[in-house]
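Sequences listed follow chains A, B, C and D, in order. So for the first sequence, our numbering puts the first residue at 1; every next one is plus one. So for the second sequence, our numbering puts the first residue at 1; every next one is plus one. So for the third sequence, our numbering puts the first residue at 1; every next one is plus one. So for the fourth sequence, our numbering puts the first residue at 1; every next one is plus one.
To be clear, the hints were calculated from the coordinates, so they are not data collected in a lab. Any given hint could turn out to be false.
To be verified - List of simulated lysine-lysine pairs, BS3-like, C-alpha gap at most 27 Å:
#, chain 1, residue 1, chain 2, residue 2
1, D, Lys306, D, Lys321
2, D, Lys180, B, Lys250
3, A, Lys193, B, Lys250
4, D, Lys321, D, Lys180
5, B, Lys250, B, Lys262
6, A, Lys250, C, Lys198
7, C, Lys321, C, Lys180
8, A, Lys261, A, Lys271
9, A, Lys250, A, Lys262
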Amino acid sequence: MTIAAADQITMYRNMVLIRRFEEGVAEAYADGFIGGFTHLYIGQEAVATGSITALNHDDYAIGTYRVHAHALVRGSSARSLMAELYGRSTGVCKGKGGSMHFFDLQNYFLGGYGIVGGNLPIGVGAALSMQMQNRDAVVMNFFGDGASNQGVFHEALNMAKLWNLPVIFVCENNFYGIGTDVRTSSAFNEIHKKAQGYGIPGHVVNGMDVVAVREKCEELVRYARQGGGPVLLEARCYRYQGHSMTDAGKYRSVAEAELWKKRDPIPRLAKSMLESGIVDAVRIEAIQAEANEIVTDAMSFAEASPRPAPEALYEDLYVEDARA
Amino acid sequence: MTIAAADQITMYRNMVLIRRFEEGVAEAYADGFIGGFTHLYIGQEAVATGSITALNHDDYAIGTYRVHAHALVRGSSARSLMAELYGRSTGVCKGKGGSMHFFDLQNYFLGGYGIVGGNLPIGVGAALSMQMQNRDAVVMNFFGDGASNQGVFHEALNMAKLWNLPVIFVCENNFYGIGTDVRTSSAFNEIHKKAQGYGIPGHVVNGMDVVAVREKCEELVRYARQGGGPVLLEARCYRYQGHSMTDAGKYRSVAEAELWKKRDPIPRLAKSMLESGIVDAVRIEAIQAEANEIVTDAMSFAEASPRPAPEALYEDLYVEDARA
Amino acid sequence: MPEIRYYEAVSQALAEEMTRDPRVFVLGEDVGLVGGTFRATEGLMAEFGARRVRDTPIAEAGIIGVAMGAAMTGLRPVAELMTLNFGIVAMDQIINHVSKARYMFGGQVNLPMVIRAAAGGGTQKGAQHSHSIESWFVNAPGIRVVLPSTPYDLKGLLKTAIRCEDPVLFIEHEMLYNTKGEVPDGEYLLPFGVADIKRPGRDVTIVAWSKMVHEALRAAELLAIEGIEAEVIDPRTLDPLDLDTILRSVLRTRRAVVVEEGWRTVGVGAEIASQIHEALFYELEAPVQRVGAADVPTPYASNLEKLALPDAQRIVDAVLKITL
Amino acid sequence: MPEIRYYEAVSQALAEEMTRDPRVFVLGEDVGLVGGTFRATEGLMAEFGARRVRDTPIAEAGIIGVAMGAAMTGLRPVAELMTLNFGIVAMDQIINHVSKARYMFGGQVNLPMVIRAAAGGGTQKGAQHSHSIESWFVNAPGIRVVLPSTPYDLKGLLKTAIRCEDPVLFIEHEMLYNTKGEVPDGEYLLPFGVADIKRPGRDVTIVAWSKMVHEALRAAELLAIEGIEAEVIDPRTLDPLDLDTILRSVLRTRRAVVVEEGWRTVGVGAEIASQIHEALFYELEAPVQRVGAADVPTPYASNLEKLALPDAQRIVDAVLKITL
Ligand SMILES: Cc1ncc(C[n+]2csc(CCOP(=O)(O)OP(=O)(O)O)c2C)c(N)n1
Ligand SMILES: Cc1ncc(C[n+]2csc(CCOP(=O)(O)OP(=O)(O)O)c2C)c(N)n1
Ligand SMILES: [Mg+2]
Ligand SMILES: [Mg+2]
């Protein structure tokens, strides 16, 4: 166990907060405060938490439309994210982005993108930028199992390797792209092996074990930062909910879901921390209470926040002085 | 040597005809009879010849913008192809396609396409069609080394393997995409190995040796036809001319070009056929004379042919009765 | 007549045509096991099997290319893009391959294929998931463009599309899937290029398609209260466009408003308005008005999205501008 | 003033801006070693090195995504698409990512990037290589669209584009690269959104951009012989569009013709014509005329291509329709 006690507690805090946050989102969605496509992260907490906490503050992360967790771990406030989901002017994107398009430059989060695979070349471009500016920052580039079949995946990995860029490609393999099983979508469904076709080292980790993810990511981040070039990590995990709020997820068996829920990353870490005496039961409860408060506060903040002013409709499209 | 004497002679005929045809094209282009982008095949004759002659008449072939040779070997008449290049109504596409867009359904040639990689998923679709119609035909899908970096390459190979389709992907690796060396464009530049990332068997062959190409392709065509699924062949070759008529090809060293010209596939086959007594010098000359005549005739036929009538401008876009 | 929903009209049309013609098959993301994100292919896999109702990887360019290859070789594919937003990834295959093949190959081959895609905004799906970009496809020749506004129109037009020898882009509106409408029991087809007068009127002509037809009808009711009788024309197909019906109507009303959900600038409305101005300049009482989306990416916040997209009130305002 | 060619104006602008600002860099296919297919980046690699003049694989979606990632993180990329025909492969990255990012992320990030692309037909490049599709990019908000018609305009506008904080699509015409024009020695910038009156006249206003400006000027000369003085206005940037200059001119001439090389149906001409009709309906003597390409894929045969694309004579005919 190479992860310091304090870091383990931080990761536990993050995972509990993510779980509560997503539960709050589900509630608010049901109550009609949140609209559009909303993709929950429940079940996958260990991946965003274990990977992003291995980054420096000024390393970049970029992801998909399932990025509530990633933004939280990067440091965006629950208030600014919940307000975004409520479509309020106090949201992290002033209410213009919504669930799929969180973005927080201050926290080096380069955004959520709704087009499957679309973020991959963009993350590679950020890595090229780091290299050209001789900054030693790395880029963590998240994608799903389904995304690995998109053309841009191929183009992004090839360029990252050609130019030896500091990118950590993190595949969150939850075994489904909406209702399509990875075996139905990928001829070669051991995704970490797809990296071989580009001469990129591919790794696999148990995405339900946050400590394992963290350890592996610290290794890969170091590797990329030291000039080793791109690496790919396949984190095997499972989303408990449907693909989005409107998906019942009938295509998956109850047995399968139950099996995965037994591996839930949150109690798993709690147990190991309790056993190793890093925390006691009181502390665990305190952390959960704290998360509850943060999310409850975020929801009332969001509800109390004003909607964007009508003038906002035409703002933020172009930088003003661009019109010569 | 498993290729019958008659087949060797046929292949020699084809290669000589291709060479003469392309020389005629260069002439006609210089004289202003041919316009647009025109990509010559000189130097690569052994690839189209050795591969396509391994197909049955009702197998399909589909290729890129460098397909004069492929159409000839498929059986399109030199007249119809030259007339197409001259932009005449007697052309294989009535003069509407031009050099990059030969197409000849009667000869099961599914066309030339000008967008790099664009033909790859289309060829896969034709193979799916053969499978669904329970026809035992296969599809030969040509592309270049540069095309292997396009997103659709990734998508096409994945689908071909997922559905176990009868496609032979033939990469004509001439080591350059216009002026870009394969090492500059592909992180993993042993292109036949890219197939591994999809669980597709990858092979490599000397693309300057028509007999070797033919032998390998007979094996691969048999494999695909018998339900083995997709295969990929990398044929290493060289184009003697610039990328297109307007490219001087300064990016390649004279020494490199000279080295490859020493491996010219045409004299190579002539020599081996003479040695094994399949043909005598007289026959060789006769074949060359025959090719000269065919091309000279094609050029005068093309020049004498009428240009498309003005009404042709709006013809062939839609099937008439589609309008309700 | 029985009432069915818009999405049921899709599956009915598909089932009838697949039963009638064994060459018809469906492919796309989650069309099989899941039955379509919008339930439009529900039950088809159970009825026709996984070969004819094929789940694909998330690879839109590949999907369209595969459909094209199949269409050129004896099948009649119906490819689903899930939503047209993702069709942008396949733009090259649609515009540069599917739309051009028949013409550039001199009419040698037909492409009897349908591309089905959901489109439109209005439910807070945000900037990347709310496109109405029919204008691009109407601009590019070679593909028919159909946008049904009711279950009745949808079923009759989709059956016609499947029997059409030319490629058809069939755009369904996401917000209409659950709307109900009467559909006759027996089989029927609706022709392309024939507009439907959804409401007769003498004072002003409103041209609208897809979801905007319903906004236009709502506007017509509001206008009726003011004593203004609006005629609402639904072209149903934008390529081919039934200009005659539109011009005949405007010749009577001498006033016209064109409504579309897509961006106003260089929308299809600009084309129709120009055609009306060119044909009836001296008959018009006032310039043709255009109503379309604000020229910004669709914002997530519900109040901003409402401001961005056209509605009945905006149509009323446009009509009053030229009738008072 | 010294005369230089259009392609030299590109390399001069790039060299000056790269010297001025170390954040500016160039990437694209064959931009380095080869110096650009149209010689537009000649000498840059020698001067600025392979890091700042980067040859890429043939992967347009990847190229645009990489440029976007670099632009969001401190650099100012100039991505070359070789030709806009290949930009269709990257349509999703351009429209759904580059054009939307700033707005959907609530204005948190600027995208100071330029996408350079050659476009246009006229030299028998055939159906897939002759696009003029600026209309799609003017339809979609979030990216500036610039189409210079002379070396002077090109240099001044490209420098402005590189300094612009917003994404710019910079479309160069393939047939203009070798045209010459006077360009001052010293540095100069030309503003976006300011049209240039290329020829003053009192009888009719002709709006044209890119290569069509020269056809319009030729037409104006022919018309002058008939005693008709045409004013030729080159908007130079279509987004932003200088409508004021156009309307002021039409207010004087009371007659207008809009000319574009792209397909006439739903072209930018439809938008400009509609704007003129809406603003000056009661001042116009006749409906605004539109001249554009025939609504078919560009045919290869020289005589058909000539019929498909607009020219001076077609412009003259359009003017005579409304002046006699
Ligand atoms: C290009 C594109 N095609 C289709 C979609 C619709 N879609 C949204 S998410 C999704 C599944 C993606 O699966 P995966 O990559 O495994 O990510 P996950 O949702 O499992 O996290 C699909 C098909 C899309 N957003 N973009
Ligand atoms: C999508 C796309 N990008 C760029 C081009 C321009 N282009 C035409 S051929 C070519 C090089 C292709 O190289 P390769 O695949 O090796 O084929 P080769 O020309 O060597 O036969 C390029 C970049 C194109 N036609 N299509
Ligand atoms: Mg998944
Ligand atoms: Mg090559």
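Hints, one by one, checked against the model:
no.	hint	result
1	D:Lys306 with D:Lys321	holds (21 Å)
2	D:Lys180 with B:Lys250	holds (25 Å)
3	A:Lys193 with B:Lys250	violated (39 Å)
4	D:Lys321 with D:Lys180	violated (33 Å)
5	B:Lys250 with B:Lys262	holds (20 Å)
6	A:Lys250 with C:Lys198	violated (39 Å)
7	C:Lys321 with C:Lys180	violated (33 Å)
8	A:Lys261 with A:Lys271	holds (15 Å)
9	A:Lys250 with A:Lys262	holds (20 Å)
Against the hints set out earlier in the document, violations occur for numbers 3, 4, 6, 7.
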